[in-house]
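Number of protein chains: 2
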Amino acid sequence: MESSSNSKAKPRSEVLKIMEGLAQELYAQIERGEEPVLEIPSRTLSNTVWDPKRRIVVLGPDKLKRRLLDMKESKRFMQTILMLKLIVSSIREGVYPTIRDLYYNGKHTITFRVPNVGAVRENTWDEQAESNAAIEDLEVGLNVLREEMGLSADVKGKVVGPIVVRSKGFEIDATRMGDTALGLPPNPDELDIVKIEASYVLVVEKDAIFQRLNREGYWNRENAILITARGMPDRATRKFVRRLNEDYKLPVYVLTDSDPYGYYIYSVYKSGSIKLSYESERLATPDAKFIGVTTSDIINYKISSDYVIAANERDIKRAEELVRYPWFQSEAWQKEINLFLKMKKKVEIEALSTHGLKFLHDYLLEKIHSGKWIE
Amino acid sequence: MESSSNSKAKPRSEVLKIMEGLAQELYAQIERGEEPVLEIPSRTLSNTVWDPKRRIVVLGPDKLKRRLLDMKESKRFMQTILMLKLIVSSIREGVYPTIRDLYYNGKHTITFRVPNVGAVRENTWDEQAESNAAIEDLEVGLNVLREEMGLSADVKGKVVGPIVVRSKGFEIDATRMGDTALGLPPNPDELDIVKIEASYVLVVEKDAIFQRLNREGYWNRENAILITARGMPDRATRKFVRRLNEDYKLPVYVLTDSDPYGYYIYSVYKSGSIKLSYESERLATPDAKFIGVTTSDIINYKISSDYVIAANERDIKRAEELVRYPWFQSEAWQKEINLFLKMKKKVEIEALSTHGLKFLHDYLLEKIHSGKWIE
Chain A
1 MESSSNSKAK
11 PRSEVLKIME
21 GLAQELYAQI
31 ERGEEPVLEI
41 PSRTLSNTVW
51 DPKRRIVVLG
61 PDKLKRRLLD
71 MKESKRFMQT
81 ILMLKLIVSS
91 IREGVYPTIR
101 DLYYNGKHTI
111 TFRVPNVGAV
121 RENTWDEQAE
131 SNAAIEDLEV
141 GLNVLREEMG
151 LSADVKGKVV
161 GPIVVRSKGF
171 EIDATRMGDT
181 ALGLPPNPDE
191 LDIVKIEASY
201 VLVVEKDAIF
211 QRLNREGYWN
221 RENAILITAR
231 GMPDRATRKF
241 VRRLNEDYKL
251 PVYVLTDSDP
261 YGYYIYSVYK
271 SGSIKLSYES
281 ERLATPDAKF
291 IGVTTSDIIN
301 YKISSDYVIA
311 ANERDIKRAE
321 ELVRYPWFQS
331 EAWQKEINLF
341 LKMKKKVEIE
351 ALSTHGLKFL
361 HDYLLEKIHS
371 GKWIE
Chain B
1 MESSSNSKAK
11 PRSEVLKIME
21 GLAQELYAQI
31 ERGEEPVLEI
41 PSRTLSNTVW
51 DPKRRIVVLG
61 PDKLKRRLLD
71 MKESKRFMQT
81 ILMLKLIVSS
91 IREGVYPTIR
101 DLYYNGKHTI
111 TFRVPNVGAV
121 RENTWDEQAE
131 SNAAIEDLEV
141 GLNVLREEMG
151 LSADVKGKVV
161 GPIVVRSKGF
171 EIDATRMGDT
181 ALGLPPNPDE
191 LDIVKIEASY
201 VLVVEKDAIF
211 QRLNREGYWN
221 RENAILITAR
231 GMPDRATRKF
241 VRRLNEDYKL
251 PVYVLTDSDP
261 YGYYIYSVYK
271 SGSIKLSYES
281 ERLATPDAKF
291 IGVTTSDIIN
301 YKISSDYVIA
311 ANERDIKRAE
321 ELVRYPWFQS
331 EAWQKEINLF
341 LKMKKKVEIE
351 ALSTHGLKFL
361 HDYLLEKIHS
371 GKWIE
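Residue numbers (full-length UniProt numbering), protein chains in the order written: chain A, 1 to 375; chain B, 1 to 375.
Keep in mind that the hints were calculated from the coordinates and are not lab data.
These numbers were taken from a predicted model, which means no experiment stands behind them.
One or more of the hints may lead you astray.
It does not matter which identical chain is used: a pair holds within one copy or between any two.
[To be verified] Straight-line Cα separation of at most 25 Å, SDA-like style, residue types lysine to any residue; simulated pairs:
#, residue 1, residue 2
1, Lys10, Glu216
2, Lys10, Val58
3, Lys195, Glu171
4, Lys358, Glu14
5, Lys85, Glu171
6, Lys10, Lys317
7, Lys195, Arg166
8, Lys358, Thr124
9, Lys168, Ile196
10, Lys358, Ile196
11, Lys317, Glu375
12, Lys195, Phe170
Okay, chain A solo, but in the shape it has when bound (with noise of 0.2 Å):
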C-alpha cells in the first residue's frame, strides 16, 4: 500500500512560513495602528464538545480574542509572541527544543517604567505552565501540532511487526529487527511508510508482554504489527497508532491490565481525555477496540479468587469517572464497568498463565479472530 498523505506532517520549512505569517500578520496591524489581536479557539471546557459521530471530543466553534492592549490580556498576548519568537528562532537555527527548554529559554524578567509609580519589575513567566499555555494557544490558533514545529519530547513507543518505514532517508523494517524493536521518533508522521502489509494492530500496555509476544513469534504467525507504550502512552505513539488505523485501516486491537487504570489506557488511545480535547482530532483513534482483560474475563476465564486482586479506592473513583465518559456509552463498556464497580475486582494480563505459559496466544486469537473484543 503506498503511503497516503491524510497524516502526514507539515514539514517544518512549512510550519515555519505559517508562523512567520502570523508574525508579519500581527506586524501588519500594527503598521496600519490597528490594535494587534490573535484569535484562537477557546480551550474551555464549555467549548469542549462531544462529536458523536467522529466518536472524539473536540473544540467548540468560540474563539477568543487575546489583545495587546486589554489589561487582562495583554501578558498572555506577549507570553503568546515570545514563544512564536521561541520556536520560529529554534526551526532557523535547526534546534529541536523540549518544551521545558523554551521554558527556560524564554523565562527572563522585564523592567519598564509606569508613569507614577517607576520601574516594575515582571517576568515573562514564572511557571512553564504559562510557557506550554503559550505553546497550546500556537497550536490551536495555528493548526500546527507541536510535532510539526519540531519540539522534541518523550517517546515511548517501540514497534515490530510487517511494516517498512523511512526516516531522514534510512529504511528500517520491522521485521528485521530480531529481539529488538523499532523505537518510534517524536514526530512519527514525518515517517514515509515504505511498506506495510500487516492484518491489524495489537497495542500492549506492558513492555514485558510485548517482548514475550515479540520473542515468540506472535506477530510472525499473525502478520500483526505490535506496539507498547509501556503504560500511559505518549503523544507520538498515540499518533503513530491513529495513522496506522486512518491511513490504512488497520484494525487496532489494546490488550491491557483488567483495572480503571487498563480501561482508561485504552480510553487515552482511542478518545484521547477531556482536559487535552483539542489534541483528540490528531492523536485519537476511535476505532480502537478493547479485547481485555476485561472483568467478565474473570467469569468467562475461569481465573479463580486466588489470581484475582482486590480493588482498592483508587481504582473504584476511577471507574466511577470512567463510567460518565462518553466513549464509555456503549452497552458492552457500559456493563463491564458495571461490574467492575459490583466485583470490585482487578486482574493482570499474567495471570492468564494459571492456564499456561502458551494460553494468552490462546486468549489473543479467541479475542480478536472471534470478534470478543468490544468498544
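Once you've looked at the hints, dock chain B against the given chain A.
Showing chain B alone in chain A's frame:
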C-alpha cells in the same frame, strides 16, 4: 573491533543443561538416601561487601543451605524447586515468561495429610516476593542471570550511534535509524556486536534530551553512542552499558538533572544498589563518569536563581543517604553532595537553555573533552 566474549550470554540451551543438572543432582541425593540440599550464596546485608578494587558491592563468602527436611527451610526449598521446574519447562517449550507469569503459573494450593491433624492446605506462594526470591536463589546459586534463562521484562533502553548489532540473524545499524532509535532487547548480551567504532558512550537520563541530541546530530559529530533509559535504568540497559565499557573499553558519561534522584540514577548505572548487590557484579559499570548537571554548575555556569528549584525534604533525605554510599566517597562527590545539602537547590538539564538553545552542546563538549566529569 571484534566481539569479545567477556559479557556474552550463555545460550538458553546451555542454561537448560545447567538447570537440568541441578535437578539431576538433587535426584541423585534422594536416590542415595541423602537429604536433598541446595547450597546458595547468602543475600543478607551482612554478607554484602564493598569491594574497593572492583568498585562494586558484591556478595561475601557466606553460603546458606536450603534443606528439604528442615522445618524452617522446607517451604523455600520447595519453592525454589518449583521455580526450577517452571523455568526448565518454559525453556523446553520455547516460551519467554515474565517473572509475573511465573508467579501466576506456579501459584496453586497443595493439600496434604498431617497425622493427627488431617488435611492441610498450603499455597505454593502467596506473594510475588516469594516467587521472585526463588528466581534470585536460582540466579545466585547457579550463577545464571534471569536474562540468560530467557525471562522477559520491561526494557526501557534505546540506542543510536556508531554500533552495528545482530539479533536472530538480522543486522541493525544504529547509524541508520534517522529520527527513530534501536530499542534494546530483554537480553542484550545475546546481541552480536558486529561493528563498534565509537569514541564514547553518552547516557542521558531524559528521553526528550536524547531525542534532541539525536535530531541535532550530536552523535554523528562526536562519534558517540547515545543511550537513554528514560529515568531509572532497567537491567537490560545497565547490562548493555556495562558491556560497552567492559568489552570495548568505551568511556561512559552520564547526564542527569542536578538533584539527588539524578545522582541516584547515575549510581545505579555505576554501582547498582546495596539491596540488589548480587546483580552488580554483572550489571554495574564502575567506570561510569558523571558529567552533570552538578550543584557546582549552578555557580560555574552562572545559572541564576530564577532557574533553580528549591529542594524538598525527600531530596534532602535522599542526599543524606547518598553521601554515605561507598561509591560516593570520592572527594569530588563528597564536595558535590555536601554542596547540595548546603545550597538545597536543584537544576534541570534544560535550565542550561537559559544560555541559548544550543548551549547544551557546548556544555557537553566542555564537560567531556576538558575532563570536567566526576566519579
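In rising order, the numbers of the hints this structure does not comply with: 5, 6, 10
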